[in-house]
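Visitor: Using the sequences and the accompanying hints, generate a full structural model.
Okay, here's what each chain looks like letter by letter:
There are 2 protein chains.
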Amino acid sequence: MKIVIVGGVAGGANVATRARRLSEEVEIVLLERGPNVSFANCGLPYHIGGEIADRKKLLVQTAEGLRQLFNIDVRELNEVIEIHRSKKCVSIRNLSSGEIYEETYDHLVLSTGATPLRPALPGIDLPGIFSLRDLADMDGIISWLDLKKAKTAVIAGGGFIGLEVAEQLHRRGLSVTVIDSNEQLLMPFDLEMSAPIAAEVREKINLILSDGVKEFTQSGDQLEVVTRKGEKLLGDIVILSIGVRPESELARVAGLELGERGCVVVDKFLQTSDPNIWAVGDSVELKHRVSGKAVNIALAGPANRGGRLIADNILGKRREFRGPLGTAIIRVFGLTAACTGLNERTCRIQDLPYKAIHLHPNSHAGYYPNAHPIALKLMFNPTSGQILGAQAVGEDGVDKRIDVLATAIAGGITVEELVDIDLCYAPPFGSAKDPVNLAGMIASNIQEELVETISWDGLSAVKGDVVLLDVRSKLERDKGMIPDSLHIPLPELRSRLNEIPKDQTVIAYCQSGQRSYNACRILLQNDVRCMNLSGAYKTWSAARIT
Amino acid sequence: MKIVIVGGVAGGANVATRARRLSEEVEIVLLERGPNVSFANCGLPYHIGGEIADRKKLLVQTAEGLRQLFNIDVRELNEVIEIHRSKKCVSIRNLSSGEIYEETYDHLVLSTGATPLRPALPGIDLPGIFSLRDLADMDGIISWLDLKKAKTAVIAGGGFIGLEVAEQLHRRGLSVTVIDSNEQLLMPFDLEMSAPIAAEVREKINLILSDGVKEFTQSGDQLEVVTRKGEKLLGDIVILSIGVRPESELARVAGLELGERGCVVVDKFLQTSDPNIWAVGDSVELKHRVSGKAVNIALAGPANRGGRLIADNILGKRREFRGPLGTAIIRVFGLTAACTGLNERTCRIQDLPYKAIHLHPNSHAGYYPNAHPIALKLMFNPTSGQILGAQAVGEDGVDKRIDVLATAIAGGITVEELVDIDLCYAPPFGSAKDPVNLAGMIASNIQEELVETISWDGLSAVKGDVVLLDVRSKLERDKGMIPDSLHIPLPELRSRLNEIPKDQTVIAYCQSGQRSYNACRILLQNDVRCMNLSGAYKTWSAARIT
Numbered sequence: 000m001k002i003v004i005v006g007g008v009a010g011g012a013n014v015a016t017r018a019r020r021l022s023e024e025v026e027i028v029l030l031e032r033g034p035n036v037s038f039a040n041c042g043l044p045y046h047i048g049g050e051i052a053d054r055k056k057l058l059v060q061t062a063e064g065l066r067q068l069f070n071i072d073v074r075e076l077n078e079v080i081e082i083h084r085s086k087k088c089v090s091i092r093n094l095s096s097g098e099i100y101e102e103t104y105d106h107l108v109l110s111t112g113a114t115p116l117r118p119a120l121p122g123i124d125l126p127g128i129f130s131l132r133d134l135a136d137m138d139g140i141i142s143w144l145d146l147k148k149a150k151t152a153v154i155a156g157g158g159f160i161g162l163e164v165a166e167q168l169h170r171r172g173l174s175v176t177v178i179d180s181n182e183q184l185l186m187p188f189d190l191e192m193s194a195p196i197a198a199e200v201r202e203k204i205n206l207i208l209s210d211g212v213k214e215f216t217q218s219g220d221q222l223e224v225v226t227r228k229g230e231k232l233l234g235d236i237v238i239l240s241i242g243v244r245p246e247s248e249l250a251r252v253a254g255l256e257l258g259e260r261g262c263v264v265v266d267k268f269l270q271t272s273d274p275n276i277w278a279v280g281d282s283v284e285l286k287h288r289v290s291g292k293a294v295n296i297a298l299a300g301p302a303n304r305g306g307r308l309i310a311d312n313i314l315g316k317r318r319e320f321r322g323p324l325g326t327a328i329i330r331v332f333g334l335t336a337a338c339t340g341l342n343e344r345t346c347r348i349q350d351l352p353y354k355a356i357h358l359h360p361n362s363h364a365g366y367y368p369n370a371h372p373i374a375l376k377l378m379f380n381p382t383s384g385q386i387l388g389a390q391a392v393g394e395d396g397v398d399k400r401i402d403v404l405a406t407a408i409a410g411g412i413t414v415e416e417l418v419d420i421d422l423c424y425a426p427p428f429g430s431a432k433d434p435v436n437l438a439g440m441i442a443s444n445i446q447e448e449l450v451e452t453i454s455w456d457g458l459s460a461v462k463g464d465v466v467l468l469d470v471r472s473k474l475e476r477d478k479g480m481i482p483d484s485l486h487i488p489l490p491e492l493r494s495r496l497n498e499i500p501k502d503q504t505v506i507a508y509c510q511s512g513q514r515s516y517n518a519c520r521i522l523l524q525n526d527v528r529c530m531n532l533s534g535a536y537k538t539w540s541a542a543r544i545t
Numbered sequence: 000m001k002i003v004i005v006g007g008v009a010g011g012a013n014v015a016t017r018a019r020r021l022s023e024e025v026e027i028v029l030l031e032r033g034p035n036v037s038f039a040n041c042g043l044p045y046h047i048g049g050e051i052a053d054r055k056k057l058l059v060q061t062a063e064g065l066r067q068l069f070n071i072d073v074r075e076l077n078e079v080i081e082i083h084r085s086k087k088c089v090s091i092r093n094l095s096s097g098e099i100y101e102e103t104y105d106h107l108v109l110s111t112g113a114t115p116l117r118p119a120l121p122g123i124d125l126p127g128i129f130s131l132r133d134l135a136d137m138d139g140i141i142s143w144l145d146l147k148k149a150k151t152a153v154i155a156g157g158g159f160i161g162l163e164v165a166e167q168l169h170r171r172g173l174s175v176t177v178i179d180s181n182e183q184l185l186m187p188f189d190l191e192m193s194a195p196i197a198a199e200v201r202e203k204i205n206l207i208l209s210d211g212v213k214e215f216t217q218s219g220d221q222l223e224v225v226t227r228k229g230e231k232l233l234g235d236i237v238i239l240s241i242g243v244r245p246e247s248e249l250a251r252v253a254g255l256e257l258g259e260r261g262c263v264v265v266d267k268f269l270q271t272s273d274p275n276i277w278a279v280g281d282s283v284e285l286k287h288r289v290s291g292k293a294v295n296i297a298l299a300g301p302a303n304r305g306g307r308l309i310a311d312n313i314l315g316k317r318r319e320f321r322g323p324l325g326t327a328i329i330r331v332f333g334l335t336a337a338c339t340g341l342n343e344r345t346c347r348i349q350d351l352p353y354k355a356i357h358l359h360p361n362s363h364a365g366y367y368p369n370a371h372p373i374a375l376k377l378m379f380n381p382t383s384g385q386i387l388g389a390q391a392v393g394e395d396g397v398d399k400r401i402d403v404l405a406t407a408i409a410g411g412i413t414v415e416e417l418v419d420i421d422l423c424y425a426p427p428f429g430s431a432k433d434p435v436n437l438a439g440m441i442a443s444n445i446q447e448e449l450v451e452t453i454s455w456d457g458l459s460a461v462k463g464d465v466v467l468l469d470v471r472s473k474l475e476r477d478k479g480m481i482p483d484s485l486h487i488p489l490p491e492l493r494s495r496l497n498e499i500p501k502d503q504t505v506i507a508y509c510q511s512g513q514r515s516y517n518a519c520r521i522l523l524q525n526d527v528r529c530m531n532l533s534g535a536y537k538t539w540s541a542a543r544i545t
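Sequence order for the protein chains is A and B. Residue numbers for the first sequence follow numbering that gives the first Met the number 0, beginning at 0 and rising by one. Residue numbers for the second sequence follow numbering that gives the first Met the number 0, beginning at 0 and rising by one.
It is possible that some hints are incorrect.
Since the list gives no way to pick out one identical chain from another, each pair is judged satisfied if it fits inside one copy or across any two copies.
To be verified - Distance condition first, Cα-Cα at most 25 angstroms in a straight line; then the derived DMTMM-like pairs of lysine to aspartate or glutamate:
1) K501 - E23
2) K432 - E394
3) K150 - D124
4) K267 - D502
5) K316 - E447
6) K432 - D133
Worth flagging that the hints you see were computed from the coordinates, not collected in a lab. Since we're looking at a predicted model, the values are computed, not measured.
Guide: This is the structure we're talking about:
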């Protein structure tokens with residue numbers, strides 16, 4: 000049997016090595032049009048900033064290593080230019096010699112990845128405008144920075160890569176501007192969860208939201224970025240990170256089924272519409288594990304694990320790829336933000352029955368030094384208790400909670416079951432009630448109708464018809480409050496019930512939502528209509544400082 | 000309705016506050032024989048060492064707070080001395096006045112905790128011998144340390160509390176000896192997983208294993224600890240941390256059903272054999288979530304969450320407590336060790352069908368700075384793929400992986416499903432194949448019979464009948480190897496197959512087990528009987544340095 004693999008990075012390299020481990024017999028040809036196989040894409044920004052000092056560390060596995068250890072026929076600088084499905088062969092251009100030749104296959108694997116978007120804006124081809132996708136891009140950026148002794152940078156796009164590059168350019172000492180046409184950074188997050196990241200970014204970087212690039216011009220030795228709103232930004236370098244386009248041209252020309260956004264369609268075995276052709280990675284669309292809808296998730300994890308699964312299936316297993324959750328994480332200066340599953344925006348768009356909760360637990364026991372609050376959001380189905388998605392932002396312990404919640408989603412754990420999961424607790428690591436347990440408790444309380452909540456963005460619609468009740472201490476209130484709120488500290492609430500208007504709905508808030516939940520329980524049992532402000536003052540004020 | 004709660008710390012305090020949130024009507028009496036309710040037991044060692052500088056931080060919730068915020072009738076220094084089940088009342092001694100009085104109940108909750116074991120050894124009552132269970136113990140230890148200007152300490156017992164106290168006394172500048180009668184520290188771990196902790200401890204502390212205390216004598220101003228093997232250890236202070244005994248005397252005298260080890264027996268609703276009496280925390284036995292066997296797990300998490308559940312059930316819900324996993328964690332100097340579910344010892348004792356794997360992945364992507372290896376062990380049922388338990392030791396990322404695996408166990412995720420869980424990946428946090436995914440892959444490979452493994456402690460039984468094959472580089476081998484092993488580096492294996500004896504079983508090893516797995520796959524396909532040494536040289540050498 001002969002397996003031909005197009006693309007030698009994450010997905011492709013995994014097909015090759017797993018196939019070899021399964022069979023010493025099979026012939027494996029790995030074709031990579033670039034000069035490197037199996038490099039660490041996700042590390043590229045960190046070499047630009049110097050955090051990863053040694054470039055060689057980015058070469059996870061070399062072609063020579065794959066040949067020696069795995070007896071794989073690796074051919075770098077060999078580009079597949081056409082698939083001949085009826086002949087079961089591909090045409091290949093040797094980019095060194097220019098020669099074109101054919102290679103037959105029993106199974107063909109497409110791991111062609113994606114290309115950075117370069118919109119046809121005026122000036123887009125000016126020198127000094129870069130994308131960051133591979134080692135050559137990275138080398139080009141570093142050379143340019145050195146050559147121009149760059150002091151200023153403009154980054155178009157405030158997504159994951161844009162922010163990672165922004166952080167690293169700041170680390171190199173550049174003055175950086177990030178511009179994004181959305182009203183928030185990091186679109187996989189909901190606005191109020193991305194807001195703390197925006198605040199953190201603004202401490203170090205010039206951030207422009209709700210505005211996009213209109214054109215680029217040369218201005219002396221610098222590039223000028225003209226925005227749609229007419230701002231003019233000067234930079235010694237421009238980095239585009241406004242998204243990627245799946246590389247599915249080979250598949251399209253070969254007549255394989257493509258999805259709406261041009262992604263290669265695969266079934267749960269990662270097989271394309273041609274049973275001898277498989278596809279994996281950034282160029283495919285997969286069914287999201289929670290929504291079941293087709294999604295194109297350009298992340299390393301699913302690509303690597305999908306590659307392994309394709310090798311299994313080619314070599315006689317019949318394994319199903321469980322859909323991705325889109326779990327993702329980013330460190331931005333002192334903060335970490337991570338998410339898994341669906342965000343609230345998607346729940347709304349897809350009209351799913353859901354409730355969202357916000358909480359602000361400590362990363363570990365509050366009585367032990369260096370506990371940091373985590374802003375945690377959880378979406379769940381209030382009928383079934385199914386967890387739909389989660390987001391978290393904070394200085395510490397964010398990755399752990401999102402990984403636990405991703406695992407809970409994968410295991411079909413309900414919010415009520417979250418309450419009882421035994422998680423690590425010693426003062427430096429957690430709490431007797433871990434943030435994940437707390438999320439389960441808060442969600443269960445809503446599911447059991449012990450309390451109703453209202454979100455920060457629902458407040459404006461009801462304001463005027465309701466009484467806002469602040470149950471914090473005077474000290475906390477003096478540091479900031481929601482305007483026009485009545486103030487009764489929680490310890491006084493039972494004795495001051497007569498001050499609560501009985502004919503209006505009360506919306507209670509405290510700092511994080513816990514004391515106002517207690518207040519709601521008291522009020523509800525005294526026949527006061529009442530709702531708890533989800534995430535309370537912390538979430539409300541975070542959302543307002545974007 | 001009137002709820003009387005015996006014991007005001009973790010379990011008891013949670014019953015009280017949850018009950019109040021559920022009902023403003025119910026009368027709640029919280030009886031605590033000590034001076035403090037709801038203090039942070041788990042923080043006590045850290046105040047001794049000064050990491051938690053402010054003693055007040057240990058008072059999580061005060062009696063006054065419980066009265067004010069929750070309208071709870073808190074009575075500190077009130078000890079319940081007898082339960083009169085037929086009358087549904089308890090006799091209480093007011094420890095301040097000496098007065099004895101009665102209090103009726105509709106529901107009684109026992110959250111009586113456990114007492115440190117003090118074996119009847121000669122000299123056990125000498126001044127300067129302490130246990131650490133509550134604030135008074137902690138205050139006594141600190142006073143004694145100050146009074147005696149203590150420079151040396153002997154700690155009997157190398158469990159969680161013993162090691163935490165040892166670390167903190169070392170932090171205070173004392174010269175510390177830990178003595179434990181077991182051949183390893185931290186019995187919830189298997190020997191080879193506790194071994195790195197022992198090595199870490201030995202860097203700072205005098206550690207004596209496989210020996211116990213025979214007697215204590217006064218030696219001038221110091222205490223002398225005489226061991227069973229005849230060693231004599233001098234200390235200005237002695238801390239006993241050899242375990243706890245459930246405080247179930249009230250329950251026993253009242254005729255409630257007790258388990259073998261004297262724990263209060265409760266059903267899945269946490270109800271005792273008397274339907275009006277409930278019990279929670281360190282004094283009860285619960286069914287272990289994996290084994291289903293009765294266990295007494297003295298940990299804060301189940302106590303807190305169990306308390307909440309009792310309040311639910313008293314107030315009309317019918318919620319089942321999902322058994323504990325015994326998830327636990329400890330930081331010992333620069334290392335962290337954590338575990339969940341069953342260890343291998345228990346799997347053996349209970350004669351469960353299981354396989355154990357060892358791996359040594361990095362805490363995050365190896366190409367990003369400060370990645371640290373994690374020693375990870377996973378037990379699973381090779382037929383069903385059910386995860387039975389896990390243990391991990393390392394400098395970073397240990398808590399996250401054990402929490403994820405605890406959640407996987409709770410969600411019934413099989414080892415094969417572990418492969419596909421989408422976990423956080425960016426270079427500072429993880430890898431495209433997270434350690435948890437890798438554990439799933441390695442276990443699945445065994446389940447699918449792609450390879451057989453042998454454990455470090457199985458090696459001695461077969462040695463002589465097998466060929467040990469080291470597939471590492473010469474450089475690695477020169478730093479340490481398993482004696483009498485053949486050396487063929489993996490890249491040369493295919494071309495040197497003729498050097499492998501065909502009539503003997505080969506046991507392959509490398510540094511962590513990954514390359515030797517590749518070697519096994521090559522050998523097996525060339526008709527060589529072959530096994531992979533689980534965890535390879537790293538696990539084998541760790542186990543030998545206990």
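Visitor: Hint by hint, note whether the structure agrees.
Guide: Here's how the hints hold up against the structure:
In this assembly of identical chains, the alpha carbons of K501 and E23 lie at most 25 angstroms apart only when taken from different copies (18 angstroms versus 78 angstroms within one copy). Taking CA atoms no more than 25 angstroms apart as the test, K432 paired with E394 passes in both settings, with 19 angstroms inside one copy and 24 angstroms between copies. Within a single copy, K150 and D124 get their C-alpha atoms as close as 21 angstroms, which meets the 25 angstroms cut-off; across copies the closest is 72 angstroms, which misses it. Taking the shortest Cα distances, K267 and D502 never come within 25 angstroms of each other, neither inside one copy (55 angstroms) nor across copies (43 angstroms).
Taking the shortest alpha-carbon separations for K316 and E447, only the inter-copy value of 10 angstroms comes in at or below 25 angstroms, while the best intra-copy value is 44 angstroms. In this assembly of identical chains, the alpha carbons of K432 and D133 lie at most 25 angstroms apart only when taken from different copies (20 angstroms versus 43 angstroms within one copy).
In this structure, only the earlier hint numbered 4 is contradicted, and the remaining ones agree with it.
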